[in-house]
Amino acid sequence: MLHTATRGLAAIAILGACSFTAHAEESKALEAGHEYMVATNYPNNLHVIDLQNDSLYKTCQMPDAFGPGTVQLSPDRKIAYVLNNHYADVYGVELDSCKQVFHASITQQPGEKARSMFAFTVSHDGKELYTVANPTLMLNDHYEVKQPRLDVYATDAGMDAKPVRSFPAPRQLTIMQSGDDGTLYVAGADVYKVNVKTGKFDVLIPSRHWKRPLYSAPDVLYVWNQQTHRHDFSLLYTTAKFKDKKEDPATADYLYGFFNIDLATGKTETVDFGPLTEIYFSGMRSPKDPNLMYGVLNRLAKYDIKEKKMLQAANLDHSYYCISFNKAGNKIYLAGTFNDVAIFDADSLKQIGKIQLPGGDMAITTAQIFTR
Amino acid sequence: MKRTLRLSMTSGLLAVAACLALHPEQSQARDAQTILKETCQGCHTPEGENALSRISHQRKTPEGWLMSIARMQTMHNLQISDEDRRTVVKYLADTQGLAPSETDGVRYALERRLNTVEQFDDQTKQMCGRCHSGARVALQRRPAQEWERLVNFHLGQWPSLEYQALARDRDWFDIARKDMVPLLAKRYPLDTQAWKDWQKNMPKAEAMVGQWSFSGHMPGKGELGGIMTVSANGTDQFKVAVDGQYADGSPFKGEGSAILYSGYEWRGNVTVDGVNMRQVFAAKGGELKGRMFDKAHDERGLDFVAAKQGTKQLLAVQPGYLKAGSEGEVTLIGSGLEGKPSFGKGVEVVEVLEQTPERLRVKLKAAADAAPGVRAVSVGALKGVNLAVYRDIAEVKVVPAFSVARIGEGGGSTPKVQGRFDAEAWGKGTDGKPYRIGVFPAQWKVEAFDERAKEDEDVKYAGTMQADSGVFTPGDAGPNPQRKMSTNNAGNLKVIAAVDDAGKSHTGEGQMIVTVQRWNNPPIP
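Line order of the protein sequences matches chains A and B. If you read the first sequence in numbering that gives the first Met the number 0, its first letter stands for residue 0, the second for the next number, and so on. If you read the second sequence in numbering that gives the first Met the number 0, its first letter stands for residue 0, the second for the next number, and so on.
Hints are computed from structural coordinates only; laboratory data are not their basis. Heads up, a few of these hints could be off.
Said to hold, decoys possible - Heads up, simulated BS3-like pairs for lysine-lysine below, C-alpha to C-alpha not over 30 Å straight-line:
#1 B:283 <-> B:294
#2 B:177 <-> A:192
#3 B:252 <-> B:311
#4 A:349 <-> B:288
#5 B:453 <-> A:308
#6 A:112 <-> B:124
#7 B:252 <-> A:353
#8 B:124 <-> A:244
#9 A:145 <-> B:177
#10 A:199 <-> B:177
#11 B:483 <-> A:308
#12 B:252 <-> B:220
#13 A:330 <-> B:483
#14 A:242 <-> A:305
#15 A:301 <-> B:453
#16 A:307 <-> B:483
#17 A:242 <-> B:124
As the list claims (entries may be wrong) - Pulled from the structure, derived: some chain A residues nowhere near chain B, Cβ distances all over 12 Å:
#18 33
#19 41
#20 124
#21 329
#22 351
Quick caveat, the model's predicted, so the values are computed rather than measured. Glycine is no exception: its CB is placed at the ideal position from the N, C-alpha and C atoms.
All chains should be modelled from the sequences, with the hints used to inform the complete structure.
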């Protein structure tokens with residue numbers, strides 16, 4: 000309890016201590032026009048990698064415990080918001096100075112313990128931060144699981160941010176992105192569009208409840224909340240397409256697909272892109288050719304979406320969870336699991352580099368690539 | 000002590016804590032009621048006469064109560080000494096335990112038979128049995144409100160639970176509350192006639208004192224028999240000595256202690272040949288039945304059954320088979336063995352080699368034309384065991400047919416979990432139906448289970464099968480730089496046993512998954 004109450008203070012203290020010892024490096028500002036990648040790892044590092052030369056630019060130390068280390072960037076790409084401390088807190092770190100400028104605990108109500116399962120993002124204008132809290136009331140001799148909450152914070156609220164608005168939310172929510180018109184898109188049992196002023200959730204893309212004839216309900220577990228060059232919000236699904244109404248799983252085709260929302264227009268897509276032959280943790284369409292889909296876990300694979308077929312797959316030194324492209328779309332950066340970022344040529348799928356990061360496992364980090 | 004306990008818990012070695020806690024020392028500083036009042040009442044609300052919220056509305060096995068208290072320690076900072084914890088576990092298991100009939104069919108979990116393929120309905124399997132054994136649920140009794148609180152605890156403690164496979168495809172919390180809670184309250188209710196009756200008629204612990212004739216079977220080692228001597232050592236506590244031998248003549252001797260919970264749950268710690276073995280038995284009349292296993296490696300264990308001196312029981316025939324047209328020695332184990340042994344049609348007793356009330360060793364001859372099949376064995380009026388006569392082996396089965404071994408050590412804290420196998424021969428009866436002959440010596444090997452396993456060279460990396468014993472020792476834990484993608488030494492293997500029957504080889508096949516460590520390993524899996 001004491002820990003919870005003083006978390007914000009502890010955070011400041013730790014950041015202070017770290018910046019004292021590594022002040023020069025941490026306060027190295029990012030350079031305009033450069034393309035960077037940010038990724039987090041154990042014990043609690045926020046790494047900035049310069050993609051001009053594919054090398055580590057600097058490392059910011061974050062407070063408290065690591066996990067999941069999901070990063071969301073402010074629209075001006077100056078602040079990295081990180082869901083961390085075992086899914087319990089969001090920290091805002093100013094990338095130029097490594098200084099912590101924002102902190103919100105997912106736990107907000109008296110007596111509750113709350114966690115956010117990857118469910119947070121920054122608004123399109125950078126003014127608000129959205130989180131979904133899954134709270135449990137910790138009573139003396141029992142727990143009471145409460146309805147999840149969409150909490151809205153002002154990003155200028157500082158180190159002990161309190162929600163400016165709170166709304167009841169459905170269960171099982173995960174990643175989200177903010178559309179250009181302010182609509183919040185949130186993945187859950189279905190993909191919802193949310194009015195952040197009224198808290199109204201509407202199904203935008205039916206997922207568990209889709210009505211695609213001869214298809215099984217899709218399986219979706221997508222926790223890599225990436226802010227893409229294509230400016231879209233995208234999640235992978237797997238599904239079974241049956242031969243006929245008997246719905247025999249033995250003769251069904253197992254397929255990979257994606258849900259997609261164009262964050263500029265709100266236009267949605269539900270697209271099968273190929274047979275399910277292996278599992279990918281994350282996937283992304285090429286920024287230069289939207290007909291090319293890539294997926295990664297134990298291999299890096301490339302698909303032709305229109306043809307619905309795998310074009311090529313590359314073996315990997317070890318599993319990687321999180322795929323990212325540079326803006327030009329000619330290079331792929333793989334993060335997650337160990338502490339190295341593998342670089343692949345997006346056309347040939349040949350490995351062209353590797354960046355070793357200080358610290359430990361990146362685990363389930365969500366890396367982001369952006370230009371300053 | 001607290002530090003030690005914490006370390007054990009965090010290493011997933013709750014089983015170690017279990018054994019500590021289930022073995023009380025003599026002195027008890029505080030009685031259970033005092034501990035409940037002084038220690039538990041800090042969070043649990045008093046409810047009338049000696050009752051406390053939550054605690055007084057559940058019934059569990061000794062291991063179940065231990066896990067609840069351990070949970071309070073690891074998750075809610077409960078400070079309690081090991082001695083006090085033992086006192087409370089004993090008290091609650093005695094006053095709010097399960098009747099013997101309420102543990103029927105799920106004792107495998109208490110006995111640490113981790114290769115059991117459970118039989119539950121799909122809903123229970125998916126909602127409960129996907130993370131832990133269904134038996135863990137079936138070994139508790141609660142009213143609806145307590146089941147509901149258990150659901151709330153689960154989701155509150157593990158918020159990712161509703162996002163996992165077989166949960167993210169449904170409204171997990173709603174189904175848990177609206178379907179599972181009523182179902183569990185009906186299936187496993189707090190108040191039952193069985194428990195009421197058992198409380199009234201619970202036998203006295205003194206009934207355990209005396210000598211027990213036992214029979215056992217240890218995969219990889221064979222059958223054994225002997226005498227277990229039990230003497231009183233305080234209330235519901237005993238000194239235990241076992242003195243027996245394996246079929247190959249090697250000794251099985253050791254000493255230790257035991258405690259009786261709920262009038263029938265026997266938990267012992269006996270050191271045999273320097274190995275600390277745990278006894279998890281159920282006492283029923285003059286019988287003790289269960290499993291005895293290495294505390295640090297619970298896959299190394301033996302099926303155990305014992306008969307109390309003074310009762311009349313026939314426990315086992317060792318070995319339980321004879322080839323038609325051959326002579327062989329067979330030992331009957333039991334208690335009060337008197338009178339003439341009979342082995343059924345076509346089997347003749349050539350000579351009685353040894354006869355005591357606990358042990359009857361005979362030389363048998365099976366006629367060349369004895370019909371293949373199973374015969375009921377009797378000694379005087381005692382029955383209950385069989386002898387199989389066979390001409391040919393029709394089939395060899397690997398037991399267990401499906402099993403899990405686990406990599407370990409390699410610098411890590413978790414021991415390896417071996418695979419341990421028996422080759423079971425089956426014959427074909429005159430009616431054409433298969434019958435079990437028994438466990439035969441075999442030559443063992445492993446092969447790649449499928450193409451993927453072959454390609455990944457699982458046989459090379461996953462571990463080593465000892466050819467003559469059927470004991471498989473997995474590889475070291477941790478990433479292996481020699482393997483593709485530096486993956487660990489996991490594997491998917493065929494387990495192949497070759498049994499020789501008069502120059503003819505018969506093979507059987509099972510499947511063994513060699514997988515990663517079981518990090519969370521509480522007393523009830």
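Here is what the structure says about each hint:
Between residue 283 of chain B and residue 294 of chain B the alpha-carbon distance is near 24 Å, which keeps this suggested pair within the 30 Å criterion. Pair hint residue 177 of chain B plus residue 192 of chain A holds up; C-alpha atoms about 28 Å apart against a cutoff of 30 Å. Annotation: proposed proximity of residue 252 of chain B to residue 311 of chain B holds, straight-line Cα distance about 24 Å (limit 30 Å). The hinted pair formed by residue 349 of chain A and residue 288 of chain B fails the criterion: a straight-line CA distance of about 62 Å is larger than 30 Å.
This hinted pair checks out: residue 453 of chain B and residue 308 of chain A have alpha carbons roughly 27 Å apart, not beyond 30 Å. With a CA separation close to 28 Å, the supplied pair residue 112 of chain A and residue 124 of chain B stays within the 30 Å bound. Simply put, residue 252 of chain B and residue 353 of chain A have alpha-carbon atoms about 60 Å apart, too far for the 30 Å limit, and the pair is violated. Of the supplied pair hints, the one linking residue 124 of chain B and residue 244 of chain A holds, its CA atoms being roughly 27 Å apart against a limit of 30 Å.
A distance of roughly 16 Å separates the Cα atoms of residue 145 of chain A and residue 177 of chain B; the hinted pair therefore holds under the 30 Å criterion. Taking the CA atoms of residue 199 of chain A and residue 177 of chain B, the gap is near 26 Å; set against the 30 Å cutoff, the hint holds. Of the supplied pair hints, the one linking residue 483 of chain B and residue 308 of chain A holds, its CA atoms being roughly 26 Å apart against a limit of 30 Å. Between residue 252 of chain B and residue 220 of chain B, the direct Cα distance comes to roughly 15 Å. Compliance with the 30 Å bound is thereby established for this hinted pair.
A hinted pair counts as satisfied when its Cα atoms are at most 30 Å apart, and residue 330 of chain A with residue 483 of chain B qualifies at roughly 24 Å. Restraint check: the Cα-Cα separation between residue 242 of chain A and residue 305 of chain A comes to about 21 Å, which is no more than 30 Å; the hinted pair holds. With a CA separation close to 26 Å, the supplied pair residue 301 of chain A and residue 453 of chain B stays within the 30 Å bound. Taking the CA atoms of residue 307 of chain A and residue 483 of chain B, the gap is about 29 Å. The hint holds against a cut of 30 Å.
Distance check on the hinted pair: residue 242 of chain A and residue 124 of chain B sit about 29 Å apart at the alpha-carbon level, within 30 Å; holds. The Cβ of residue 33 of chain A sits about 33 Å from the closest Cβ of chain B, beyond the 12 Å cut-off, so the non-interface label holds. Even its closest Cβ contact with chain B, about 16 Å, leaves residue 41 of chain A beyond 12 Å, as expected for a residue assigned away from the interface. Against chain B, the non-interface label of residue 124 of chain A holds: every CB pair exceeds 12 Å, the least being about 30 Å.
Chain B leaves residue 329 of chain A outside its interface by the beta-carbon criterion, the shortest separation being 25 Å against a cut-off of 12 Å. Annotated as non-interface, residue 351 of chain A keeps its C-beta farther than 12 Å from every C-beta of chain B; the closest such distance is 19 Å.
Hints 4 and 7 from the earlier list are contradicted by this structure; the remaining hints agree with it.
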